[in-house]
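There are 2 protein chains.
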Amino acid sequence: MDVLKELEEFRKKDIPYTRVLGSMCTTPHPIAIRAHEMFIETNLGDPGIFRGTFELERKLVRLLGEILHNPNACGYVTSGGTEGNIQAIRAFRNLKGIDRPNVIVPKSAHFSFDKVGDLLGVEVRKAELDEEFKVDVSSVESMIDDRTVGIVGIAGTTELGQVDPIKELSKMAIDNDVFLHVDAAFGGLVIPFMDEPMDFDFKLRGVSSITVDPHKMGMATIPAGGLLFREEKFLKALEVRTPYITTKYQWTLTGTRPGTGVASAYAVLRHLGFEGMRKVVRRCLKLTEVVKEEMESLGFETVIEPVMNVVCFKTEHAYEIREELMRRRWVVSAIENPKAIRLVIMPHVTEDIVREFVSEVRDVMSKLSVEP
Amino acid sequence: MDVLKELEEFRKKDIPYTRVLGSMCTTPHPIAIRAHEMFIETNLGDPGIFRGTFELERKLVRLLGEILHNPNACGYVTSGGTEGNIQAIRAFRNLKGIDRPNVIVPKSAHFSFDKVGDLLGVEVRKAELDEEFKVDVSSVESMIDDRTVGIVGIAGTTELGQVDPIKELSKMAIDNDVFLHVDAAFGGLVIPFMDEPMDFDFKLRGVSSITVDPHKMGMATIPAGGLLFREEKFLKALEVRTPYITTKYQWTLTGTRPGTGVASAYAVLRHLGFEGMRKVVRRCLKLTEVVKEEMESLGFETVIEPVMNVVCFKTEHAYEIREELMRRRWVVSAIENPKAIRLVIMPHVTEDIVREFVSEVRDVMSKLSVEP
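Protein chains in written order, with our numbering: chain A, 43 to 414; chain B, 43 to 414.
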C-alpha cells in the first residue's frame, strides 16, 4: 500500500478538533500553516545557517515582550510550556547556587512541575489554594525558607483557567529576594487581549520569567512555546559551549529545533494584530458564557465563575460522563478535586459545535441515568 | 507589508542546504514533507485525541526497534538527540537511585551531555580517546565506581563520525552492573545500511538504550528524534501523573508535541525501505570518498579515515577558512582538537556541489595565502 494512503488511515482515527472541547491546543490559523510550510526545513539549532529564521525569532521574542510589557525581555521559542517551566526553574537554581534548593508552586500548577522537580533535583513545594482556587499567598509565604530559589504563579491554570494573585507574589518575591516565574502558557495570550486585563506580567517588578505558548491561544503550529526572561543573566545561566556549530553557546534545552513555530507564531500575531487577537479572545469568552448557560440549563453548576475560556462543571459522575462522551468521539477532560468535567473553548469551537455538544451531554446523562 | 512577504525576506537570509556541508540535518525527503503536512495539527501530548497518530508512533518505534535488532524495544519520538540523551540518563539515574551519581561519556560526546550534567545533577566524567578518536575502554573502566549509574558510547561522533567500541562497552556494562546508553543520533540510521555494519545496537546485551534521530540521516522533518529502551522499566522510571488529559501517565520530556515527525519519519523509512536506505547511505559514503580525494589533491589530510559520511581535514587555519567560506555563504564546521575543518556529506549534497565547493576552498586558500 502507498505509504501516504496508509498514513491517511491512521490520521482518520484521530478525533477532529471540531469534537474536542478539552484541549488547550487548537486548529492552527490558516496563515500559521502557510508560514509553517515556508520554514519546514529550517533548524534554529544552527543559527549561523538559518540566519533569517534566527532574526525572525528575535523579532517574535520582542513582539511577545511588548505584549507582556517588557520589549527588552530576552528568551526564545521553546518546544512548549514544559520546556519553558523547566528552563525558568533551572535558571533560578543555577543563579542562586543553593544546596538542596526548593521552589514553591501552587497546588494548581501544571504537572510539568513534577517533571521539573525530578529532572532538576529541586524540591517542589505545593502551596494551598483559597476557595476560588487561587494560590493562598500566606501558604506560599509560610513555605519560603533560606533554600527557596523561586516561587511560581499561574496565569490561567490548566484545570480552571484561574489567575493567581501575581501582584502579591511579585511583592513577596522582592521582599524575600527570590525569583518569580509566571506560567502563562495559556493565559499569556488571553489576558492581554481581555477588556480588563489583570496584572500578571513584567509590569510587576518581581516577575523574572514568563512561559507563554503561541501554540495554545496564539493559534500557531506545534511546537511553538515561549520563554521570556526579564534580563539576560537568566539565559546566561543556561548556557553550554557548542564546539562544532556556527555559534559558541547554546541556552536552549534542545539542540536541533524547528523554525516553523517561530514563523507561524509571528505570522498569526502580525496578521491579526492586537485588535484581531482581541476579537478572537472576545469570541472565545463570549462562547464560554454560552456554554455555561446551556450547561446550567441542564442542571450543572460551575466550579468557579469562568475567568477565561476554560469552564468546569461539578458532577460526581465526571469520569463516567467523559468516558461515554469519548465513546461518542467527543473529548472533554475530567478533573479530580472537585470532581468536574472541564471544557476549554478554543478558537475552533463554534456556536454550532456548542449546541451539538450540549445536546450530546443531555443524551449521555439520560443514558447513564444520572443527574449532574 | 503582507506578513508572508515579510517572512519570505527573512527566509531568504538563510543559507540554502545546497551550500551547507557542515550540518547533520538535511533537506527533508519529499515524501516526508507530504506526510508532515497531513499531520500538521496533531498533538501527541494528548494521545486520547490523536489516537491514530499515537498508533503510528508505536509502529515507528517498532520499525526503529527492528532496524536496531530489538523489535520489542519501547520508547518514543523525541524533539531530538538532546532529549534522547537527557531522558536515557535520567532513567538510569532514577532506576539506580544512588546519591551523587555519575555517568561516564567519551571526550568526543556531544555537548548535550553538558546539558545532561547540569540539568540532572549527575556528574559527567569524560573518558580519554585512543589515537583513532574512539573512547579508550581502559579509561572508561578506571572511572567506574560505586556511584556510576551508566556509561555512554557514541555510534557516529559529531566531530568525526567515529564509532566507539560498543561491544567492549557492553561487556563492561554487564560486568559492572551499570547501564549503557548508545548515542547513535547520527549513526543509528547509517550503520545498519552499510555493507559491513559494526555492532552497536541492541544485538549487544549490555545496551540499555539508544538515541537515533530520523531528522538526521532519516531525512524526516524536524523535530523527529528517537529514544529506544531495551525494556519498559526505563520508560516507567520517567513517568509523571497527568490529571487532565486523556491518559494517566506521561514519560516524555515535553508535554504538547507534534505528530509531524512521526509521520515524516515513518513515511521515509517505509517509502524507501531497507534497500532504498542502503542506496542513500551508499551514495553519501561514496561522495565522502570523492570529497576526500578532491581535498587531498589540494594538500589536505584527513584526521581519520572516514568511518561514515563525516570527514575532517587537518589545518592550522580551520577557523579562518571557515570564516572566509561563511562570508561566501558556504557552511562547514571547524573542530578544535585537532584543528580541522569538518564536512558532513548529507543526502542533499551532490557531485556538482562537491566540485563547486572544492574549487571555492582552493580559492579561499589562495586568497588567505595559506597552505593546509
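Mixed in with the good hints there might be a few duds.
[Stated by the list, open to error] In silico EDC-like links for lysine to aspartate or glutamate, alpha-carbon gap of 16 Å or less:
1. K278(B) x D156(A)
2. K278(A) x E50(B)
3. K54(A) x D160(B)
4. K101(A) x E50(B)
5. K290(A) x E50(B)
6. K290(B) x D156(A)
7. K290(B) x E393(A)
8. K54(B) x E79(A)
9. K101(A) x E317(B)
10. K278(B) x D160(A)
11. K55(A) x E97(B)
12. K54(B) x E97(A)
13. K55(B) x D156(A)
14. K290(B) x D178(A)
15. K138(A) x D156(B)
16. K101(B) x D178(A)
17. K138(B) x D156(B)
18. K213(A) x D160(A)
19. K47(B) x D160(A)
What the hints contain is simulated information worked out from the structure, not anything from laboratory work.
Results for each hint:
no., hint, verdict
1, K278(B) x D156(A), "holds, 15 Å"
2, K278(A) x E50(B), "violated, 31 Å"
3, K54(A) x D160(B), "violated, 42 Å"
4, K101(A) x E50(B), "holds, 14 Å"
5, K290(A) x E50(B), "violated, 27 Å"
6, K290(B) x D156(A), "holds, 14 Å"
7, K290(B) x E393(A), "violated, 31 Å"
8, K54(B) x E79(A), "holds, 14 Å"
9, K101(A) x E317(B), "violated, 44 Å"
10, K278(B) x D160(A), "holds, 13 Å"
11, K55(A) x E97(B), "holds, 9 Å"
12, K54(B) x E97(A), "holds, 12 Å"
13, K55(B) x D156(A), "violated, 40 Å"
14, K290(B) x D178(A), "violated, 27 Å"
15, K138(A) x D156(B), "violated, 19 Å"
16, K101(B) x D178(A), "violated, 46 Å"
17, K138(B) x D156(B), "violated, 21 Å"
18, K213(A) x D160(A), "violated, 28 Å"
19, K47(B) x D160(A), "violated, 44 Å"
Hint compliance for this structure: hints 2, 3, 5, 7, 9, 13, 14, 15, 16, 17, 18 and 19 are broken, all remaining hints hold.
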